[in-house]
Every structure is written in structure tokens, then in C-alpha cells.
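Chemist: In order, the protein sequence lines correspond to chains A and B.
In this note's numbering, each number is its position in the first sequence, counted from 1, plus 25.
In this note's numbering, each number is its position in the second sequence, counted from 1, plus 118.
If you're looking for bench data, these hints aren't it; they were derived computationally from the structure.
Each hint should be verified, as a subset may be incorrect.
Claimed, not checked - Derived, one-sided and incomplete: chain A residues facing chain B with beta-carbon distance under 7 Å:
hint: 1; residue: Asp245
hint: 2; residue: Pro248
hint: 3; residue: Leu276
For glycine and all other residues, C-beta sits at the position ideal for the given N, C-alpha and C.
Listed below, chain by chain, are the residues.
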Amino acid sequence: MTVAPETAGNDAVARAAALVDLGLRACEAYGRPDLAARLESVQSGLADPAVHVVVVGEFKKGKSSLVNALVGANACPVDDDVATAVPTYVRHGEQASAELIVEGSPPRRETVALEELHSRVIERDPAGAASGADEELALAGAEVRLPRTLLSSGLVLVDTPGVGGLGSAHAAASLAAASMASALVFVTDASQELTRSELDFLHKAREMCGTVACVLTKIDFYPHWRRIRDLDAEHLREHADVPCIPVSSRLRSAAAEAGDSQLNTESGYPALVSFLTEHVGASAAHRVAADAAADVAAVCTQLEAQFEAERAALADPAEARRVVSELTAVKERIANLKSTAAKWNQTLSDGITDLNSDVEHDLRRRIRTVIAEADDVIEESDPADTWTEMETWLRSRVSHELLANYTLLRDRATALGEEVGEHFREASCDVLDRIAVPDPELQLAGARVEHKIELQKMKVGKQAMVALKSAYSGAIMFVMLGTLTGVTLGPIALGIGLVMGGKGLRDEKKRQRANRQKQAQNAVRRYCDEVSFVMGKDSKDTLRTIQRQLRDHYTALAEELDRSNAQALQRASDATSHTQDERDRRLADIDAELGRLRQLRERAMEVVG
Amino acid sequence: MIAPAHGETSGQGAPATLLDDARGVLDAAVPVYAGTGDAARLAEIRRRLDEPLRVAVAGRVKAGKSTLLNALAGERLAPTDAGECTRIVTWYRDGHTYRVMAYPAEGEPRQLSFDREGGAIEVHLDGLAAESLASLEVTWPSQALRAATLIDTPGIGSLSEQSARRSWDLLAPAEDETPADAVLYLLRHLHSSDLEFLRAFHDTEVSQPNPVNAIGILSRADELGVGRLDAMDSARTIACRMATEQNVRRVVQTVLPIAGLLAETAATVTEAEVAQLRRVAEVPVREADELLLSADRFAQRMPELGLTSIEREGLLDRFGLFGLRLATTLLRHKAVSTATELAGELAERSGIGQLRDVLASLFFERRDVLKSRSALLALDALLRARPRPGSDRVCMEVERILASAHPFQELRVLSAVRAGWVTGRDVVLGELEQIIGGGGGALHQRLECPPQARTQELASAASEALQRWQRRAENPMTPHELAVAARVAVRSCEGMLVELGWGR
Chain A
26 MTVAPETAGN
36 DAVARAAALV
46 DLGLRACEAY
56 GRPDLAARLE
66 SVQSGLADPA
76 VHVVVVGEFK
86 KGKSSLVNAL
96 VGANACPVDD
106 DVATAVPTYV
116 RHGEQASAEL
126 IVEGSPPRRE
136 TVALEELHSR
146 VIERDPAGAA
156 SGADEELALA
166 GAEVRLPRTL
176 LSSGLVLVDT
186 PGVGGLGSAH
196 AAASLAAASM
206 ASALVFVTDA
216 SQELTRSELD
226 FLHKAREMCG
236 TVACVLTKID
246 FYPHWRRIRD
256 LDAEHLREHA
266 DVPCIPVSSR
276 LRSAAAEAGD
286 SQLNTESGYP
296 ALVSFLTEHV
306 GASAAHRVAA
316 DAAADVAAVC
326 TQLEAQFEAE
336 RAALADPAEA
346 RRVVSELTAV
356 KERIANLKST
366 AAKWNQTLSD
376 GITDLNSDVE
386 HDLRRRIRTV
396 IAEADDVIEE
406 SDPADTWTEM
416 ETWLRSRVSH
426 ELLANYTLLR
436 DRATALGEEV
446 GEHFREASCD
456 VLDRIAVPDP
466 ELQLAGARVE
476 HKIELQKMKV
486 GKQAMVALKS
496 AYSGAIMFVM
506 LGTLTGVTLG
516 PIALGIGLVM
526 GGKGLRDEKK
536 RQRANRQKQA
546 QNAVRRYCDE
556 VSFVMGKDSK
566 DTLRTIQRQL
576 RDHYTALAEE
586 LDRSNAQALQ
596 RASDATSHTQ
606 DERDRRLADI
616 DAELGRLRQL
626 RERAMEVVG
Chain B
119 MIAPAHGETS
129 GQGAPATLLD
139 DARGVLDAAV
149 PVYAGTGDAA
159 RLAEIRRRLD
169 EPLRVAVAGR
179 VKAGKSTLLN
189 ALAGERLAPT
199 DAGECTRIVT
209 WYRDGHTYRV
219 MAYPAEGEPR
229 QLSFDREGGA
239 IEVHLDGLAA
249 ESLASLEVTW
259 PSQALRAATL
269 IDTPGIGSLS
279 EQSARRSWDL
289 LAPAEDETPA
299 DAVLYLLRHL
309 HSSDLEFLRA
319 FHDTEVSQPN
329 PVNAIGILSR
339 ADELGVGRLD
349 AMDSARTIAC
359 RMATEQNVRR
369 VVQTVLPIAG
379 LLAETAATVT
389 EAEVAQLRRV
399 AEVPVREADE
409 LLLSADRFAQ
419 RMPELGLTSI
429 EREGLLDRFG
439 LFGLRLATTL
449 LRHKAVSTAT
459 ELAGELAERS
469 GIGQLRDVLA
479 SLFFERRDVL
489 KSRSALLALD
499 ALLRARPRPG
509 SDRVCMEVER
519 ILASAHPFQE
529 LRVLSAVRAG
539 WVTGRDVVLG
549 ELEQIIGGGG
559 GALHQRLECP
569 PQARTQELAS
579 AASEALQRWQ
589 RRAENPMTPH
599 ELAVAARVAV
609 RSCEGMLVEL
619 GWGR
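Between the sequences and the hints, there should be enough to build the whole structure, so can you do that?
Modeler: Here you go:
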């Protein structure tokens, strides 16, 4: 793992990594490959925390220049005219390299030279995908790896296509991306104050993503940038925690060229860099470290439980029989916990079924509203005039409804994950208590049990989000919307004869118009049908993935418990056959092991905070 | 000045009679509505025919509308500011006295006081709330305003809903008549709401968006390259590309790049300012580049220049960073030395000259057609909304003129071609567009001859075109729409031949 110097976040990550190492060694020593596997996955997560920062904003506001100036390289193509067409992911790598992500399932990757990226990524036809005649591969994104200290802590900068007004489908995609990201950088420039649609976008983004910063670009060029900054700050006053950072990419590049640190300060970038590393990077690193430490602590608890059971059996041979029978009973409880009849499992399958029908109903209701609105619009206008705009309108309207539908799915799935986790925790804590403290004398360890509960709780909420993220892996919503752009309204027969001459001009026009309206309404229905079909399948698949992942996750936890219990049982039975001498020696060993484990757990708890 | 050559030197004979037709039918409507509440409105429509063309400047908020208006007027009239500035629709028209009138949404108009200290006209609202005003009317004796009444509008996408609403009301009112005859639409980069807005501005007379009365302007063009000296070239390429896009072609005739601030300053640059610029130009190149690296640096560095901070800020406001870089480079290389020369050079580079040419050929030469069209549409709307005994006959007459007058047919064909409803080979469609006046109404423009072409050459070009289009119109393989369009082209050719004195 590469560690960026002197940031608090990286420190925490390093400490967590050391703990995970210790935990792994313990698992090996005590013969628990299952627990080791869990820690190994934690370890790889720590090595690449992938803190996504999504850079969004209107067209031509200098988003790509901003990313380039941040990393000091031409990672994102910049052009006066054409705008960025696909998201570009800029992340850390030992060597500079670039890859194109080509649409498909699974998305294909194609390595290209960094210099070639320019011609491959920028939009060829900024008028929009309307022409659609592009026979080239459909790009889903590009990934650039650069050896930069800024990125080494796992920061991934995502340069997105301009949102082109809040209403556009792109805006919905950017918002969906933001919901998965650690932070969102909203780019506006110093040429004018924030517009209505920009502010609306910010409001929505604020709901989707916890950390948002507003960056004011091009301050070298506009003498009145301070006025604009103050006006923007005024517009942003209800979002007091959204900082407004004025920067100049041009000055930053010039500073880098000349090695002029004063110019760099003038460029305003140091403030942005510190926001990214200290605020975003550090908080994400802390979160990742805390999660990892929590896993270590949970592993410790299980290991401790089995030692404590052995200890109880060893300390008092009379008790041994009772311990064994107690643990045998626990075995049955764990079997129950693993079975489909377990409460958490019931909650999960019922919850998913409910969620499936609720999400579908919600989608239907939304699409119906859209159709009704579209009908009204068509009634009032002539499709011959409005058809092109209609298509854009419909697409963005639908994508916003889809986004809302997806938000519902996300929130409900997270809630369900929490509920399932809660049920599992209740049952498993009960079991853990029984494994660990069969001796009433040790009930004083109650305080420690409380700790365990806290730990479990922390892991609970996250699980559904993890499942969701992997269900929507990669280019996230962009890809999903990408599949929808394949669905088009299609042309309607305009039937416009050029009507010339005096009589009947108006009547003929009226008749043609009615005909076009009918066609348009049908086309809208076909489109919406197609969209509901695609989206319906998509959410069903997502929910299925979530269900599977949650089930696998908790089943694996139950397996771990089973294994802990089996080992405890084994040792307790062995204890009965030991001689007094062996017992004393073993007791001393166990106390030492327990001491070590306790220490490890306490250190883990410190990182958890 | 945007004034076209004076007099009725339009490209063909028809528009004059069209204007007469429009006058005739309006006169016929007057007795029908005499004594009703609509008489005043009718009189206003009638008056409009004899007034200058009304050109509205519209666009998204902060697109540079007021700046462009000042550039066209040749003097600083409309106030401009870094923040959102224009909040009330303001009419600038020619007149004998200097006067500002406020038209409240309800109630009587009243005269307002104003001053002009900072260059632009500062209107004192005298306690009137900006929200309560429908519009302001500034009467200002000016050569430029004699050719066209200019209308400044609040930007759409404004944070104050009220201001944006006013522009919608002006350009796309609920009733059929639009107060403006033509519109300059300022785009900073093509944006979905721009198209929506433009579409709404166009009437549905031929049930399609109409590119005949709108020109797209890629404004603040100097900012596209964030101040590089070749920014305008880059902007020109972008404008050309935008003008060929189907979506854009449907709603505007063409797209031109304009550096509005440069154009405005070019019209008003003073010797004092040139003297200040000269001091910057005398600094060695490297140091000057350092100084002009950012606006902040220019405002604060190099005290030895002997410019006060007020002077520096003044220069930044008037020229912008791009203008400063350009002007000092020009002065350093001795390309210009006086204020007049600098003004000429800046105007040339700002794109305002090209805009004036295009305005002249697309709007002013067609002004009678545009005005008659506005008036007839307004009358049509009135006749339909308030039928009265005798209005049927007038109504039929209006419909007859709208449907059959040749200039209107040309406009209809033009918008149909632009909307992609007339199909054919690109080269044929391109020629069709020219013939019916899509690239300008003058004969040499229609016939794609050089401007200095003699009558003889024009006449032979016209008769060749006539034969070509007759063949196309009669060819049974020609699609129906193209055949109809070809017949219109044939009439255009005939009209041109008549004008050239060839008869048939």
C-alpha cells in the first residue's frame, strides 16, 4: 500500500492495516481459515479504498481542465468546442496508462495510449445522440491511471459529461453517480452567478451525496470573480456546509510549468487539494479504517468466545459436562440461525418480495404520470413542431422518474438490510453469549458484550449498500441509462404536404395535425412500455443480487459462529480428559491468548473510535 | 450603425405590394372594429407597419444581451454589470427627445427621470417596484435606432422567476402576436433550454418552427478559449459547426460569433484609454505577459506603470482580459496607433461587422415581409378572437394574402427545407435555399453570383436557374414536397427576371 504523507486519514488506514495483519496471524494460529478469508477481503479493501469524487457541472465550465490541473496531466481531453462525452475515471497507478471501457455485459476494456485518448473520448456530435449513426463502439467510459501522490490514498476523480440543464437525462445519471460517490465537486465558472437550474441541481445533489463542494473556475479571466463568488455564496446560504472554492486551472498549469509556488497559491488550488485530501479523503479513509478495525474486533470476539468456553471447562471439571451440553444446545441454535426458518432469513425473503412489488408499483405509477403529462403536451401542441424537443423532454422526464424510483429502491433496500442485520445480530449475540460465557461467574463480562453489540450494529447498515454497489458496479447509472438511450421514440410520419394556395389551408392543416397527435401519443406509449420493461427487469435483478448477497453474507457469519462453537465444543470435551497438570498449563496458555486477543480488540476499538 | 442603405431597394418588386396589401386589409378591418375596445389595438397594428423593424435581443441570463445591444446602437445605452442586470424588458426607439417611459402591468404609463453618468442610462424607478412594470421605453435620438427599434430582455434561466417570465411574455406570448419582428438569439454554448425557447418564439403559422426571423449569436465568443488570442478563430469554427446542425437550422438562419464587449468598446473607445493602454504596451513582452496572466495581477501588479487602480479596473471592465491582451499586442506591433484605428481593428475582430452585413441582408432587406407578416398574424389573431359582423370577409382576405403572397410562400418553403421536410440531394436543397432568399434577398445572393456581377450575368444565371427548376417541378420522379418547393423557386426566378428587365 502506498501512503500519502502526513494526512490523518492515511494514518488511520495504516493502523487498521497493521491490525488486520495481526488478526490474520491470529486466525492462522488458531486454525480459522474462514475468519482469515474475511480479513483478507478486508485487507484488499483497505489497500484500495476507492474514494470516488464526482466532478459535475454544466457544459463548458472547465470540469476537465479542473481534473487535469489537479493531477497535473492531460488526463481528460479539453476542447473549446466539443464537450466530454463519457465519464473519465482518474485513479492512482504506478505507471501512466489509459483504458477505454466499452459497453457490453460485462463491459470490455481496451488499452490505449494516453495521447490517443483525446480523439477517442470527446464528443463527435455535440448536438446529441439524436443522429445515432455513430458506428463506432459505444463507449461507457475511460479510465486513466497516473502516478500521483494526490491519488495514492485511493482518490478516484470522475470527470462527467456536462449536465446540460437540470432536466436532462445526463443530470439524472450524474445524480445517480453522486449517490454512490464519497463526494461531489460542483463546477461553475466566474463568468456569471449560479443559474436556476444549477441551484436546483445542487439541491438535489445535496440530498444524494453527503459531501459537496462548489468550485468557481476561470478566476484568472474574470475581473469580477469576487462579486460572483459573493453572489454564489449568497445563493448557497441554505447549504452552509457547501464550501465555495475559487480556482484558476490556467494559473495552476502555469505555476506547474514555472515551478512558481506563489502562482500556485494564486490559482486557489491548494484550498481545493486540501478539501479533497483532508476533508473527503480523510473522512473516507477514517470510515474504511473503522470498518476494517470493526471486522478485526468481531473476529477477536469469536476467537475469544471459543477460548473462554475451553477455559470454563478447564477451570472446573464439574462444570465441563454442563459446558459441553450447553454448547451442544447452542449448536442447534446455530443450525436454526442458518436455516431458512431463521427470523432474519424470513425478514429478508419477505422484505425482498414486498420491495419487489412496491418498486414495480412505484415505477408503474410514475410512468403513468409521465404518459398523462405527455398526452397533455401533445394535445396542446403540434408534434410536427415539437417532436424533437418532445423526445428530449420525454427522455429526461423519464430518467428523473427512474432516478426517483431507484432512490426508493436504494432507501428501502438499505432499511431492509438494517432490519435483517438487526435480527441476525439479536440471534447471534445470544449465541455468542452462550458460547463465551457459560459460567455465571463470568457474567461480569457483560460490559464487553455491550461492546460487541455496538460493533455488530455498525456493520449492519452498510451491508445493503455494499450489495447495492456491487449490483450497480462499474459505470453505475450511466450504463443503465445508456441501455435506455437505445430505446428511441422513432420518427412519426409528418405527412406534411406543403400546402399552398388559398382554400382549405387551415382545415387541411387541422386534419394533419390531429393525425400527427395520434401517432405521437402512440409512440410515447411504446417508449414508456419499453422503458418500464427494461427498468422493471433491472430492479428485479438488482433486488435479487441484494437478496443473494445479504443471504450469503449472514449465512457466512452463521458458518463462522458454527465453526467457533464446534471448536469450543471440541476443546471443552478435550478438557475433561486432561490431567490436572495439563490443565494448569493449558489454563495459563489460554489466559495468555485471551490477553493478547483482548489487547488486539481494544486496539481495534480505538481505531473504530 | 446598423442602418441599411436607405430606401426601398429590396431584392424584388413583390414586398412593396405586400406592404400595400397588408395596409389595405388593415384599413378594411378598421370600420369593422370602429367604436369597440379593440379599435386602439387595431390602430397600433396598423401603425406598426410604418415603424422601424423591431429586433429583440434575447438569450439566457448573462449571455451578453445588453452589451450586444450597445454595440449595435453604437453607444452605451443599456446598463451592464457582472451580476444579473437587466430585469425589465426595455425598448430603445428613435425619437426627437430623450425620454424614458415606464409601462406598469396595470395602470397608466408614466415618465421617469434618468441620468447618464456612468455612460449607460440609469433609470430612476421613483419608488416603482421593478416587478410591477411590464416594460420600459427609452426614446433616444439615434441614427442606429432609426433603422431598427431594439428590445433588451431579461435572461431566461434567471434566478428571479419574474424576470425570465417577462422575456417569455415578450417573445412567446400566449396570444398569437409577438411584439418583436425579428430576434437575435444569444447562445453561449448550445443548450437544451435555448432550443426550447427559440421554438416557443416562433409562431405556428405554417405549423413548423420558423428560421426566417431569427439569427443565432455565439456570444462572449472571446471567452470560449478563455482569453487566448486565437479565441475568435476557434469561435468561428464552432459557430459554423452549430449553424449546420439540424436542430439549430430548424430555428435560426445562421449562427455568428460575436465578442460583445469588444464590439461595445470598439464603438466607444477614447484617446485617453488608448494612452493608458500604450503604457502597458511599452512594457517588455515577457513582463507584460506576466502582468496579463490574470485579471487580479493586472489590477495589482507593477505600480511603475503609473496607472491608478481605478484606471486599471476601468480598463478591465471596458476591454476584458482578452481585449487588453489583444489591444496591447496591436499597439506594441504598431498595427494601430490612434483610437480610431484601434476601434476599427477591435470592431473587425469582434465579429460585429459581419453581424451587421448579415442583419442587413436577412432582416432589413426583408423588413417589409417581416413587418407585414407580424401585422397580418396579429390581425388574424384579433379577427378570430373577436369576430364581428363583417370580420369574416376580412378574415378570408388575410388568409388569402398569407397563403398566396409569394414572399410568404418563400418563407414557408425555407422553413420546410430547414426543418428537413423537403427531401432531395443536398446540393439541390442548398441551391433551393439560395434561390428563395435563404442566404439573403439580393439578386446576386440568390443566384450565387459575385456581388459585382453585371445585369447581363445575373440575367443569364436567373434564366438558367429558371429552366432547372422548371424541369425539377415537372419531373414525375420529383417527390411531392420538392415539386411544390420547385414551383415556388420557379416563381422566384421569374420575379428576378422581371426585376432585371427581361420580361418573360
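Chemist: Using the nearest Cβ pair, does Leu276 of chain A come within less than 7 Å of chain B?
Modeler: 6 Å, holds
Chemist: Do the numbers back the hint for Asp245 of chain A, that is, is its least Cβ distance to chain B under 7 Å?
Modeler: This hint holds: Asp245 of chain A lies near chain B, its Cβ roughly 3 Å from the closest one there, short of 7 Å.
Chemist: Given Pro248 of chain A was flagged as interface, is its beta-carbon under 7 Å from a beta-carbon of chain B?
Modeler: With Cβ-Cβ at 4 Å, under 7 Å, it holds.
Going down the numbered hints, you'll see the structure goes against none, and every one checks out.
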